[in-house]
Amino acid sequence: MSGTLSSLGAYDQCLETIVADDGQEVFRGQYCLLKLRPPMPPLKGRINYRRPVISLNGSKYADTWLDRRIAGQYATGFYSTYVYNGLCLPSSCTQTELNAITKRFIFSTILEMFATDCIQYEPFGIGRLVLCFSLISNIKKLFLINREKMDEKLAFVHGVRVLTMIWIICIHTFTVGTLFVPMLVYRFEDEARKFGKQLSTQFIFNGYISVGNFFFLSGLVVTYISVPVFKRTGGPTLFAFIAQRWLRFIPSMIGVICLHIMWPLMGSGPVFKGYARELTEPCSRNWWTNVLFINNWLLLPDMLTLKYVSKCHEMQCLTLFWVAYADDRTGLDGTGLILCGIAIPSAVNLKTNGPPMPMPFEEPDLDQFYRDLNTQYHPTYNHLSTYFIGVLVGYLLTRSNDLRLSWPSNTILWSVLPVCTLSATFATYLWTGLEWEYSKATAAAYSGLHRFVYILAYAWLAIYCSANSKSLISRFLGSNFFIPLSRLSFSVYLTHILVVWYFVLETRELIRFTYTDFIYSTGGVILYSMCLSLILYLLFESCWSNVLSLALKKKRMDKTDDKRKDVTEETKTNGGGKQSQIFSHKLNGKSIETEYNISRHMDTNNNSNHNKKKSHWKADSGAGNALPEYRVRSMAGAGSVYIDVGHVGHDSQPINAHINQSFNAYQTAGNTKL
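Heads up: the sequence shown runs through residues 1 to 674, numbered per UniProt numbering.
Be a bit skeptical, because a hint or two may be false.
DSS-like mimics (lysine-lysine), calculated; alpha carbons at most 30 Å apart, straight line [what the hints assert, rightly or not]:
#1 Lys44 x Lys60
#2 Lys470 x Lys141
#3 Lys351 x Lys197
#4 Lys140 x Lys440
#5 Lys153 x Lys141
#6 Lys197 x Lys440
#7 Lys231 x Lys153
#8 Lys440 x Lys194
#9 Lys140 x Lys153
#10 Lys470 x Lys153
#11 Lys351 x Lys440
Bear in mind the hints are in silico, worked out from the structure with no lab data behind them.
Since we're looking at a predicted model, the values are computed, not measured.
Kindly produce the complete structure, drawing on both the sequences and the hints.
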């Protein structure tokens, strides 16, 4: 007698099987490997193939071939060996349901039987990986606009992001010569200084404040996405949370560092060689600080470039966000961090006796101007108020579905808050244009409060647009025109300063400070920055983003499979003597019990043995041949809340999967708690 212990079946044929109805896929084949073995006695000491472990003495099989070979020799191997049998099942079946079915066979009382991991077809292979680097695919994805999948609450973010990016390009186009190449390439230095003293140009020379828009949007978006996940699942660890964002940013950062290194080779001119080396030398020396996003804690001029420090600020604020928002003390922690973002800059300004804000045209000593930037702009504490106001607004949007206010309230807010923002932006005219002398108290107060006051109008804009997605301003900011440009904004932010430097240092003639030249130069910088950012996006950002999304998608699928395995089955007898099957498992960290074949009037049963925090899924069986109708009842509150799941036929997907879908739909509708 001889044979094999395994029957693996047709693995590939099973996975390639697709059942469709009217061209729509209903389910696929799913390969499961069933493991069987007889119940073995406990081990007592060392065993070998010559010593029987199962005794048939006293039976009619004693001293037979079955006793000597099967029970004596072959049975010993079942301590470490199984009989394997491959099964092909519909993809809608879970592994636990397969285990429950196999236990119903008669021989399941004789054999230990359970299924290993079930495998479904997943199009994750070298083809999908290569597709991540496809230029055609990435260009299509850049310009693809799907309004159906877009959250209209946050559609305004695209417009604000693009307009802020244009504003920042204007600022850098006009002021870069006053910072890195001090008046070397500008005609009539006194005219340039007078230009910076005009009221109309304060939005340029006080442009440091504009980066607060990005911090606000970052805090808003990350909160709107993350807080519901934190509430539902507890959220990722700090390392996983930061690592995911780091992996998202680092490819583009590496790409722009490469551009920095090659940049001196790309131009020429009277001042190009000397200043190009001065601008790129910190990159060769301290590139690793940008990779770790700690560049903002270096001092000028050792910093790679101050234009990249906002991502360092954002990564450091993300750490504070996780610490503050991994628990339920959201409002308190957010308010406390906003107050820190006001108090710390004021205290530092008092200690250093600094100006209200860094003012390039009012500071003849460039080293002193660098010291002002090192205390009033680069440290992360200067931007806590704008970031965490965005966090609080994002949290508010997750908690309230309707934030519409009355007409008088809207009128007051639209009248007051924009004035606050404009006042914070143009207040510097008092010291630059009118040449007022500022006191230490005035400088400290403005240094601490101006970012907070400035961002209030944007906070109100976010609340208004999320509640009034059909309004004119919401439709403008959320228009399709802004969406592709918004996706490029990160790459534009990283590359535009290289274009500005190139235009300034490549010049053969002195540059005039006029509005005409300013508009002309800004338009050229925007155009060239878009082209350069598209290259950076296609070569670095989009490719790596696709790979990261693919890896995270596979990880989520693996986690989903693991959750579906945590199911146990038991038989329960109700008060009327009827039996029902119960599947108990954990879904999103909540204990769920699924019952079926329960009489319609189950409310009379005693549920005192159940934990009140559990949700009990109950099914009412219809009269006669009617199909059972499944409902979920929440026992968390004082009353019971029923959600109709619908009728489930015999040829439908398994009960557990059907109820899971309904539960997910219930959560998607905004009901995050059962």
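Violations among the numbered hints: 4
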